[in-house]
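Quick note, the sequences are listed as chains A and B, same order.
So for the first sequence, the working numbering puts the first residue at 1; every next one is plus one.
So for the second sequence, the working numbering puts the first residue at 272; every next one is plus one.
The hints are simulated quantities; they were obtained by calculation from the structure and are not laboratory data.
It is possible that part of the hints are untrue.
Said to hold, decoys possible - Pairs of lysine-lysine residues, derived as DSS-like cross-links and limited to a Cα-Cα distance of at most 30 Å, are as follows:
| id | chain 1 | residue 1 | chain 2 | residue 2 |
| --- | --- | --- | --- | --- |
| 1 | A | Lys39 | B | Lys380 |
| 2 | B | Lys461 | A | Lys113 |
| 3 | A | Lys143 | B | Lys461 |
| 4 | A | Lys119 | A | Lys214 |
| 5 | A | Lys119 | B | Lys461 |
Listed below, chain by chain, are the residues.
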Amino acid sequence: MVGTTAPEVSAAAAAGPAPVKKSESRNLNFFYGQFQALKDISMPIYEKKVTALIGPSGCGKSTFMRCFNRMHDLYPGNRYEGQIMLYPDNTDLLNRDVDPIEVRMRISMVFQKPNPFPKSIYENVAYGLRVRGHTRRALVDDKVEEALRSAALWDEVKGRLGDLAFNLSGGQQQRLCIARALATDPEILLFDEPTSALDPIATASIEQLIADLKEKVTILIVTHNMQQAARVSDYTAYMYLGELIEFDVTDTIFIKPKNKQTEDYITGRFG
Amino acid sequence: MSDATAVKVREIRALIARHKRWDIVFGTIGVLSLMIGVLTFTVLFLDMLIDGAPRLTWDFLTSFPSRKPGQAGILSAWVGSTMVMIVTICAAVPLGVGAGVYLEEYAPKNWMTDLIEINVTNLAGVPSIVYGLLALGLFVYQFGLGQSVLTAGLTLALLILPVIIVATREAIRSIPAAIREGSYALGATKWQTAAYHIIPYSLPGILTGVIIGLARAIGETAPIITVGALTFIAFLPPAPLQAEPPFISFEWLLSGFTVMPIQMFNWTSRPEAAFQSNAAAAGVVLLVMTLSMNALAIYIRYRLRKNIKW
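Given only the sequences and the hints, what does the whole structure look like? Please build it.
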């Protein structure tokens, strides 16, 4: 392994089978032009677990997440240093030779505000399949249904797949975006503050969904809500000013964090 | 209520009344400025309508121009205008939309792109006669397209190209970043994102630009005269659809032609008063052509926008 190793998880994690690394950030630095937004971040993402990124506004948690699907490549002046490895095939997602489109085909993302396309419910979910060139009607139909079921939306929309996505409620729109992301069987699903635009009931349903989804897919979630991180995640990383302060099992982070800064943030003395 | 409060309330009301005076002043100025525009247009239009009304008959639309004002019509002019507009649309829309999408979605953000951007915007302000001279040199002499419908259509296409490019870019910029990111996040290429999302969602805005451009183009006289439109023409170009195979003919593209504003100009420069009412009637027809194009655009835009909310 290159550079410093990822922080090891405390003994509390030892219970149960050892988690498998799905991905790993190694000495990741990220620059918006001259400004360094991420400083030397190394941490693992475990397979079929939920990893939460927490920290005050501007700490770089969203920036870090958007490195995983190379979203920063869409805008000029952004630069990565270091590696994000994807296992088991040992692909470095940040390598110049790796096409960002390939990365995005393997890693899906759900955004902060629901962003359905102004098309039908069906077309929204089918879009990822269309991008991959799937045209066989039966196959697309099956995949759309499967994805909508996984996103716990099927029962609410099955009779009106041709309706415009904008006619759904905010919570339904967000679940539609989750279905859209799931339809292409991603290896990792990124959630960027998925409930910050939703009411408490819709939030609860999304959180339930995340808990169900981790059986199928590895999840990385950014949240500004510490209770949410505590409720949904298995691992938590606390970030501050572009640095990773502490990474551990969620219970450890919230009950007895090793770092004073983490403790101050968790207990509300700071942030 | 204590006296002190009563005094304070009275002061507040006096203050509001004083401030509201400016609302009234500005409101009045606003209504007056609006009226100058609206009334001028209404008076001009009514005057033209009254002058032209006696000539606005079916015969007027279906007759060729003539030396006798009572028998002269605008058949060749409106057919010519329509054909020129068709060529203009076919040339300007794909080029303008293509250029706009390229500049917004594909072009690297550097000084070269900035330079092109500024120049495209400036092109919209170049006098139309300059386009006419360019077209005379390029299309008529260099490409040998002659003084034809095709030449005129391409000339006007050049003229409105910057308008369409700018409108396309504005429309694309109004699409939220979240929608674009949503498409890219699913592994779409630039072309897939443009074809599935960017172009369809910016169509209403593009359409507005196309109509503004066409409304300008249909009234243009100078560049059309420069490329050599005829002022007196008593025949129609060959029909695009024919009875014998191959049924479709493109000969009309290379035919001589005239357009509505030239016909009007021709009539207004005649000494006989009767020709003046012909010109007025033609003006009414030209205005109706423009307004119905606008109406169509507004309708289509409304239909397209119904599904798009942001």
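Evaluated hints:
1. Lys39/A - Lys380/B: 27 Å, holds
2. Lys461/B - Lys113/A: 22 Å, holds
3. Lys143/A - Lys461/B: 24 Å, holds
4. Lys119/A - Lys214/A: The given pair, whose Cα atoms are some 29 Å apart, holds under the 30 Å limit.
5. Lys119/A - Lys461/B: 19 Å, holds
Violated hints for the displayed structure: none, as all numbered hints are satisfied.
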